[in-house]
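A.B. asks: Residue numbers (the working numbering), protein chains in the order written: chain A, 1 to 574; chain B, 1 to 574.
To be clear, the hints were calculated from the coordinates, so they are not data collected in a lab.
Computed from a predicted structure; not experimentally measured.
Certain hints may be false.
Repeated chains share a single entry, so a pair holds when one copy, or any two copies, can fit it.
Said to hold, decoys possible - Result set (DMTMM-like, lysine to aspartate or glutamate): computed pairs, CA atoms no more than 25 Å apart in a straight line:
#1 K481 - E142
#2 K407 - D13
#3 K515 - E200
#4 K515 - E498
#5 K481 - E181
#6 K474 - E117
#7 K407 - E363
#8 K240 - D17
#9 K145 - D358
#10 K341 - E39
#11 K341 - D168
#12 K481 - E141
#13 K341 - E283
There are 2 protein chains.
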Amino acid sequence: MTRIWNDPADFADEMTDGFAAANGRHVQRVTGGVVRATESPRGQVAVVVGGGSGHYPAFGGLVGQGLAHGAAMGNLFASPSAQQIQAVAKAADNGGGVLFAYGNYAGDVLNFDAAQEHLRAEGVPCATVAVTDDVSSAALEERHKRRGIAGDLAVFRIAAAAAEAGHDLDGVERLARLANERTRSFGVAFSGCTLPGADEPLFSVPEGRMAIGLGIHGEPGIGETDVPTADGLAELLVAKLLEEVPDGTAAAGARVVPILNGLGSLKYEELFVVYRRVAQLLEAAGIVIVDPHVGEYCTSFDMAGTSLTLFWLDQELEALWETPVDAPAYRRGSVNPAQLKAAKGNAAADADAVPEADEASREAAGVVRAALGVIAATIDANVDELGRIDAVAGDGDHGIGMQRGAKAALTAGTAVDAGAGTTLARAAAAWADKAGGTSGALWGVILSSVANRLGDNGKPTLADLTAGVADGAKGVMDYGKAEVGDKTLVDALVPFAEALQRNADAGADLPTAWKAAAEDAARAAKATADLLPRMGRARPHAEKSLGTPDPGAHSLALIATAIGELLEGRNDHA
Amino acid sequence: MTRIWNDPADFADEMTDGFAAANGRHVQRVTGGVVRATESPRGQVAVVVGGGSGHYPAFGGLVGQGLAHGAAMGNLFASPSAQQIQAVAKAADNGGGVLFAYGNYAGDVLNFDAAQEHLRAEGVPCATVAVTDDVSSAALEERHKRRGIAGDLAVFRIAAAAAEAGHDLDGVERLARLANERTRSFGVAFSGCTLPGADEPLFSVPEGRMAIGLGIHGEPGIGETDVPTADGLAELLVAKLLEEVPDGTAAAGARVVPILNGLGSLKYEELFVVYRRVAQLLEAAGIVIVDPHVGEYCTSFDMAGTSLTLFWLDQELEALWETPVDAPAYRRGSVNPAQLKAAKGNAAADADAVPEADEASREAAGVVRAALGVIAATIDANVDELGRIDAVAGDGDHGIGMQRGAKAALTAGTAVDAGAGTTLARAAAAWADKAGGTSGALWGVILSSVANRLGDNGKPTLADLTAGVADGAKGVMDYGKAEVGDKTLVDALVPFAEALQRNADAGADLPTAWKAAAEDAARAAKATADLLPRMGRARPHAEKSLGTPDPGAHSLALIATAIGELLEGRNDHA
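The shape of chain A in the complex, shown without the other chains (with noise of 0.2 Å):
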């Protein structure tokens, strides 16, 4: 939904207003919309774009060398009137004529047509390219009924460098045109936009519901399913496309510039994630990929959604593809040309050779690996309750950091035929690589502490372990720069390891020095509840934050219980 505005009916020419401000370098204000900022050659062809504002870059963002001259902005997804498009005609006019080229609807189709009558009657000699790649708009057979959607951009681009390219009109006409025939765009959206003032979207779709071919405005689509899969949008959007490969032609081979445009609130992440199968399903197609295009090139303000164009090139088209393009909102050509590298990457290096290790601590890595086993499954079992109370006063993403590192370490500890020591180490680097963040920062400390007491010579004492949980408790608080009472991981883990000195220093055994050093920790874990958030991570409303412990502590207090049981039913059967 639109959230910020002043009077709505003053919303589109406020909007064009601080867009040229912003982009003072490229576009000049004209009556009716933009055109350059900066000079174009006398007797170049004037391509001139536009329709109803809202769908930013397109159409304003798209002005400026190698890109269009000028660009009719009309009201919010309302076109331009034909005196707009008259006025901005005008001023982008170098004397070569004006191509106009817009996406193919009823009021962009009177106002421009309009325009065009009345300027070839002042003798400036127009052409019009209007824009029709959306195939779910129509059927084949009525291409000429298709709307125009994310095409827009390839059959701008072609008629810019056209004309820059210094054709004339008829042949900026014919290559424009010529790119059209060889653009197809498909798409689908999740939810519509509300525009400035309104009450309600412009259209809904269901929740967990995907709208299948819809248009940019909400115009009926082709049906509608279950939210995909990334990978089975990816396919729903190949698989349409081609359906419908230009002159019938065989895909394989083909050469073609893929434009994934995201239509606001779909974000880059997200169209990454798509773009990466798409590219996968296009290869195995035999198709070459050119020049990819993944991000918001035509927006319907916020609206959830997406389309897959396919720009087929030949080789004129491919040659024009290459000019630079310097607009506000897209920009092709680097002014430093560099050199490609040769790929080679950075692949980690070959694991080092595993040091030698006697019997005992080969057997004391048996048990290494068991507690490497039950930390993942009491990570897995309270993954949810983890990311709810982390929720409360951080990001919510402290389970799923906890699982993948605790998964990664236990991967890595049973990988390896090691010492005790070196099996917690690897444990311990994997850990810290796979879960990021703070949290396998600290635990990738906590366990290299206590690999590095245990060695990979002679069984482990407790007393290597207990000095190996000391020296983890210090690095935590070194590393992390947190003291007791911060609410950190560090409340819980330092009367833990202090408790298991002091039960060591008395006489326990181990599993019961660990099991009363767990309950303490368990304790200390619910005593950050109690504690006033630390400033830097509470959430705004402070109240929610009360009542509920630090996730790093209950998460260390969890594992040390657990590890306390396996412990003591090891002891039961040793």
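Once you have looked at the hints, place chain B on chain A.
C.D. replies: Same frame as chain A, now just chain B:
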């Protein structure tokens, strides 16, 4: 909310793969993130940025010539691990040492510091600048505790430009630190994002409210307020940032790069409306605006919010700022530097001279103005209903489009002192221009057809009016390529024109003939509700389209009826 993923646990990896696949011209995928795909000069300091994923263009989108040499890309909102950072830094290193730059968050500091220690131990010189631009996250005396948000861009760019300019590691660090000292940001939010697979958003802000100073992961803000106007928001952001001018110097005369950053679903159009006022306020404070940025530079998935960054240049920084950049999501510098045009604009030509008119026609112009007043009032009174009807089968803006047009027509008709024909012609032109879209163009045709028949001499006759309306109906059909039965304005306009003719032919006077015709138009408009919606205009849920008339036909009937009442009243008093 996030809509599309495969396994949420794989999201970050698949996103990075897709990002690298889409941007092979700029980046190379390596363990831990991406590095430039292009060669950098041997010995150049490598700028390595990074952080959690979910903030695109930060961080991978900022890798390329003139910007970062590499980006460590962590899991969603989780710091990359020390291993990831180390691996990326090694792949990015050109033998000139590594400058780490990233937003100041606990997890990032932990992991980047650990990576730095390891690299130094291996003999790679390293330095670090953590970005601390968010003024809402700590007091000025505790600047080192502040978070890094969209100001990242300023610091990253200066660091990279300094490296490009040949500074050594100390020099790059000094300049990056200077940039950070002179960068301040302040943000607001309306809603939080929902991570892939999560059930709930990371945070929420009550409907109609705006959180002030909220961090990009939902960290605590400094307050909450009702959603302001766009201008009010601009005033809030600028006022807050002008409280803290670096060095305590005056703002007046300073040269500043403003960065108005969208967090994901507060879209470009809204940002431009806000920027319009930001620019006014900065200029009013005597600040010289340099290279304004309005767009998405550091997002938080589809979080709705924005931040304003002011980057206070000095001479050294401004020179570096002009360094060209060619990264996937950020480009600066033009390949074809073009001459800026002199500002000239295309202000609408001075109004043509008003044609001569006789007294009778000037008197009739008074009736035209009264009719324009009635039209504007009628549309005002029905604007919401018209919007609602249009929302069923169209995009819901018919009401506001008609309102814009009718208001402009009244203003233009009142501003001119002319005969009836010219008065109505001016009104027709203003309607078409200000309303735009299909209905604006068609009402322009109707009114100008009538105007042509009214002329500027003599009292217009019923025959003139009847002929004008008939011309209008024909013009609309030609122009809009619609026929009776297509469920458009034509469905009411044609019966209206025919009935007017029929009743006039039968000897009725103007008020009687008009009233009868208006009744026919109203009946015909109502009947459009019983027609099936036209393909190409209907909404996906077709059943909703039944039972509501076409908004264009309905508008015409409303206007015809209201003018009928005006004429009748005039007659009563005649």
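A.B. asks: From the Cα coordinates, with 25 Å as the cut-off, is the pair K407 and D13 best called within, between, both, or neither?
C.D. replies: between (55 Å within a copy, 16 Å between copies)
A.B. asks: Is it within, between, both, or neither for K481 and E181, if the alpha carbons may be no more than 25 Å apart?
C.D. replies: Result: close only across copies, 24 Å inter versus 63 Å intra.
A.B. asks: Could you place K341 and D168 in one of the four classes (within, between, both, neither) given a Cα distance threshold of 25 Å?
C.D. replies: between (39 Å within a copy, 23 Å between copies)
A.B. asks: Is the C-alpha distance from K145 to D358 at most 25 Å within one copy, between copies, in both cases, or in neither?
C.D. replies: neither (78 Å within a copy, 49 Å between copies)
A.B. asks: Go through the copies and call it for K407 and E363: within, between, both or neither, with a Cα cutoff of 25 Å.
C.D. replies: Within one copy only: 22 Å inside a chain, 88 Å across chains, cut-off 25 Å.
A.B. asks: How would you classify K341 and E39 at a CA-CA limit of 25 Å: within, between, both, or neither?
C.D. replies: For K341 and E39, the Cα distance is within 25 Å only across copies (5 Å; inside one copy 36 Å).
A.B. asks: Have a look at K515 and E200 and pick one of within, between, both or neither, based on CA distance no larger than 25 Å.
C.D. replies: Close neither inside one copy (59 Å) nor across copies (36 Å); limit 25 Å.
A.B. asks: Under a CA distance limit of 25 Å, which applies to K515 and E498: within one copy, between copies, both, or neither?
C.D. replies: within (13 Å within a copy, 96 Å between copies)
A.B. asks: Quick one: K474 to E117, C-alpha cut-off 25 Å, is that within a copy, between copies, both, or neither?
C.D. replies: between (81 Å within a copy, 18 Å between copies)
A.B. asks: My question is about K481 and E141: at a cut-off of 25 Å on alpha-carbon distance, are they close within one copy, between copies, both, or neither?
C.D. replies: Between. Shortest inter-copy distance 20 Å satisfies the 25 Å Cα cut-off; intra-copy 69 Å does not.
A.B. asks: State whether the alpha carbon distance between K240 and D17 is at most 25 Å within one copy, between copies, both, or neither.
C.D. replies: between (40 Å within a copy, 24 Å between copies)
A.B. asks: Is it within, between, both, or neither for K481 and E142, if the alpha carbons may be no more than 25 Å apart?
C.D. replies: between (68 Å within a copy, 16 Å between copies)
Hint check: violations occur at hints 3 and 9; the rest are consistent with the structure.
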